[in-house]
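Asker: Single-letter residue listing:
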Amino acid sequence: MDAASVADRVKSIIVEQLGVREDQVVTDARFIEDLNADSLDTVELVMKFESEFGLPTIPDDVVENMQTVGKAVEYIEKALAEKGGEA
Amino acid sequence: MQVSERRVVVTGLGVVSPVGCRLDEAWKNLLAGVSGIARLEECGEGFRCQIGGKVRTLDVNVYLSPKEQQRLDSFCWYAVAASDQALEQSGLKAGENIPCERFGSLISSGIGGLNTIAAQGLRLDQAGPRQVSPMTIPMMIADMGTGYVAIRHHLQGPNFGIVSACASGLHSIGEAWWVIKRGDADAMLAGGAEEGISSLGIAAFCSMRAMTSNNDEPESASRPFDATRDGFVPGAGAGVLVLEELEHAKARGAEILAEVTGYGASGDAYHITAPSSDGSGAARAIKTALARAGLSAEAIGYVNAHGTSTPMNDKVETKALKLALGDYAYKTTVSSTKSMTGHMLGAAGGFESVVCVQAIRDRIAPGTMNLHHPDPECDLDYLPNAARELPELRNVLKLNMGFGGHNAAVIYSRYEG
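Here the protein sequences line up with chains A and B, keeping their order.
Everything in the first sequence is counted per the numbering used here, starting at 1 for the first residue and increasing by one.
Everything in the second sequence is counted per the numbering used here, starting at 88 for the first residue and increasing by one.
None of these hints come from the bench; they were simulated from the model.
As the structure is a prediction and not an experimental result, all values here were calculated from the model.
The C-beta atom is built at its ideal place from N, Cα and C for all residues, glycine as well.
Warning: the hint list may mix true and false statements.
The calculated label-pair distances, taken between Cβ atoms and stated as ranges, are [said to hold, decoys possible]:
1) A/G84 to B/K154: 29 to 35 Å
2) B/Q213 to A/R9: 20 to 26 Å
3) A/T27 to B/Q213: 32 to 38 Å
4) B/R448 to A/Q24: 46 to 52 Å
Using the sequences and the hints given, assemble the complete structure.
Answerer: Right, dumping it as structure tokens:
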């Protein structure tokens, strides 16, 4: 799986979940401040990332630091690489 | 001014229903006897009841963004749409012509987001606890309709819901009337909203044998007071009224559609689902409402009945009307608009109250459709199969009864200064 496709899939989940335009979902966009997410949105987003990418549960302290689109993509790519390594 | 002297009038109406999602459309259909009941794709083989009054013509995008739609159960969509319409008609705007904290909301649901409960229950079972949506609770709780409407329109006055099953909508209007009368608010949104089309709910009502199995003739399956009635038809939607303190409405030159003059509530203390067999429970609610309104039975020109089309309800309700109105019960007119909408459950009292106000305004009452076989135990004038003009109509009684033995009665009157 290449990096672009992970970013694209993350982006489309965010667009759907938060009801924002695609051009708002830039790497530096902050979920709460820029994309108008509330705490319930962030929980649902994380659940969708987990199920879309088949990831193990993302720990709460990691979620707390995953404040931008870029950070989310970065974490998911890293988690996928680790998952691939195990396989 | 003494609390009891405050009068409460209706200045706005809004509907979402199987017979239309705008007031003019729904009213026209009811007067023409048009049914909103059809086959349900949700309930196929295996369901005893496979028909219902679904909300089919609501363009929810007019009211809510895609993100809002995702985060609200459909019963809340209906509450929002009906409230928006009612507010538009009334011309009230919190923060502009009424202080936010003087405007409240009491829009109830008998059950809440049953489809959300069913879907997330399945998810818990199939995917485990960590996959249960964080939106489950806000989407399922029955008070979210009234809560969301308040957020949307900045209504900071009293805000809560009432749970009394199929009487929830009418109790809400009666209690909202009291909120204004006692001076806690100058205006209230009041009514009910329900998503009655839920496969879990329908399966459960079917197991109780409360629903019809006349699936081959959807449009005539809801036949209140007819000898061949065999259960209710599920319905969905909302009915919301803007209630406003009279002097407040007059001061801003609002059009006054009707006055709420009486309200009574009572409990059967009898059985979990059956109404008290002699009708005395509902009769007490009616008598209280008449007393509050200072009206005698003879003043009631039309009764919009609970009329669910179950064998038990229609018989007991007829007894209740005779107990409360005496021999005059035979002289007044009664009809059940559920013959066209199906049973909108917690929304019924809201929607049917809109019908009552329209009846007063236009001096005409919708008929009870599909009434062809007289039942000896249902022997009042139910306006069979056609609307009737009632030129002298001044006062209308609205009655609803809910599982649990809850009865509500509200009286709407022509406002004559």
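Asker: Checking against the hints above, which ones are violated?
Answerer: Going through the list in order, the structure violates no hint and respects every one.
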